[in-house]
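Two chains, two frames, a set of hints: combine them into the complex.
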Amino acid sequence: MPADWLWGLVGGLMIGSAAALFLLVSGRIMGASGLIGGLVDGSGRQNWAERAVFVLGLIAVPAVVTAGNAETHLTSNAAIIICAGLLVGFGTRLANGCTSGHGVCGISRLSLRGIVATACYLFAGALSVYLFRHMLGWI
Amino acid sequence: MRLFIALLAGGLFGAGLYISGMTDTRKVQGWLDILGDWDPTLAFVLGGAIIPMALAWRLAKGRQHSVLGSPLPAPSSPILDGKLVLGSALFGAGWGLSGLCPGPAIASLSFGGWQGLLFFVSMIAAMAGLPTLRKLWTRRQEVSI
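In order, the protein sequence lines correspond to chains A and B. Position 59 of the first sequence, counted from 1, bears residue number 321 in the numbering used here, the numbering being contiguous throughout. Position 57 of the second sequence, counted from 1, bears residue number 88 in the numbering used here, the numbering being contiguous throughout.
Excised from the complex, chain B in its bound form (with noise of 0.2 Å):
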């Protein structure tokens, strides 16, 4: 049943990236080029997506579980750091260079052509490297201390 849910989940998700627009990488640059020609359909898009989420979040509050029995997710931390900025910041660049972000560039894989799978196979290296890169990084600054 958690894996139905799944496959369910992500194929709504996708359907709604390619009909909202969101694999079209022009019309997602439109909407970050603002001091340009700027396409507002983005916009509609978050709060149309919005819309279910805040009610899903209003259900899900007093309740412990979710309907299959797993616990609901913990509150959101109120901490903020460094990490959270400039991962946001260097994906944010990434995001108006190419026009994909994680989501749609999954969802276009079938039809994206061979760049659409470089980006995607950059995307996924990067991923994967991260921990290693992390581990290194700590190491380098444990030595230097």
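Extracted from the complex, chain A is given alone in its bound form (with noise of 0.2 Å):
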């Protein structure tokens, strides 16, 4: 579908937005798994209440955009949305950033960790489809 693109392009640039606002005006890296993960591991202390309403905001506002309206079409089998989960959780945190933090904040400032980050990821994500898709058949 031609409209796809356009839908990615906009939303990507609401997702630089995002990050670009967060930057100028807090001084603050817009990484999904950092701002979380701080939470969640006690490492976030300091800053908690700005980390809390972040996540608020990012469940918030597509909550109310799609009404509860929308489709993830994530898969109903419990052992591999459980052990995709925990890899995706345990990865972030020991790489220290994700899609937003590695790759759009890094990559944007030609960051070497951002780069090699998202290279690793990408490529272990294409892999990771690869097997589990056409060669096991599992996803």
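These are computed hints drawn from the structure, not numbers from a lab. In this text the structure is predicted, and so the values were computed from the model without any measurement. Wrong hints could be hidden among the right ones.
Below, a sample of chain B positions facing chain A; criterion: calculated Cβ distance under 7 Å [to be verified]:
| # | residue |
| --- | --- |
| 1 | 76 |
| 2 | 118 |
| 3 | 122 |
Coverage of chain A stretches by chain B, computed from C-beta distances (three or more under 8 Å per stretch; other residues unrestricted) [unchecked claim]:
| # | stretch |
| --- | --- |
| 4 | 270-284 |
| 5 | 325-331 |
A virtual CB, placed ideally from N, CA and C, is assigned to each residue, including glycine.
Structure (structure tokens):
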């Protein structure tokens, strides 16, 4: 569909604008895994309110925009969901960043760590889809 | 004011994730499926997100403080380590398996059903448990030395 890429671009511009706002006004890097990770492992205790409010906005605005009528098409296989959730949680905290932190905020400042991390998770992601979809047929 | 900006940034981020298709795991897995029926949408999302952020870094250059007075982030470290590579590889494996990364996992909580909630809880559990695991690991290494 030709409209898909346009929505992707518009949404991407919104994501980048949010990150730019957070950087220039608050002096913070907008990384989803770091912001919520600091809330749950205690490392972000000194600015927990800012983190909590960010997460609140991140949940509430899509709830209002979609009025709950949207579909993630996530699998219903609980074992796959749990494994994937654990991998995403461990991996992003170990690497100190995810798609937003390393991808959006890192690449845009030409950070070597951001570029290497993005190359690694894109490669692993493509390999994972190839293995689990085309070789094993699980997803 | 800081809290208001955080709310605004979180909200705009969430709306952008939904509009761009990042909360739809089929689109994400389609983007990662380079040897199958490849969906290029996410290239536009990442490209679109990098444009305002590259401008923002340019504006931040040479300044010490943000508008609200807090210090701007330090220059990024050029040091690559095994944690960065291993962590990103584990994350990528989970991302491909499910089609969700942390931002969209949070943004889709209101409409993701029990599946989305289970993913979120698993992700949070891993994030919360990592420091403890790390401590156990270093202790074991110390003992073995």
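Hint check:
Nearest Cβ of chain A to the Cβ of residue 76 of chain B: about 4 Å, under the 7 Å cut. The hint holds. Here the hint on residue 118 of chain B is kept, as its CB sits about 3 Å from the closest CB of chain A, short of 7 Å. At its closest, the beta carbon of residue 122 of chain B sits 3 Å from a beta carbon of chain A; the interface hint therefore holds under the 7 Å criterion. Proximity of the stretch 270-284 of chain A to chain B, defined as three or more residues with a beta carbon under 8 Å from a beta carbon of that chain, is established by the 15 residues found.
Counting residues of the stretch 325-331 of chain A whose beta-carbon sits less than 8 Å from any beta-carbon of chain B gives 5, enough to reach three: the coverage restraint holds.
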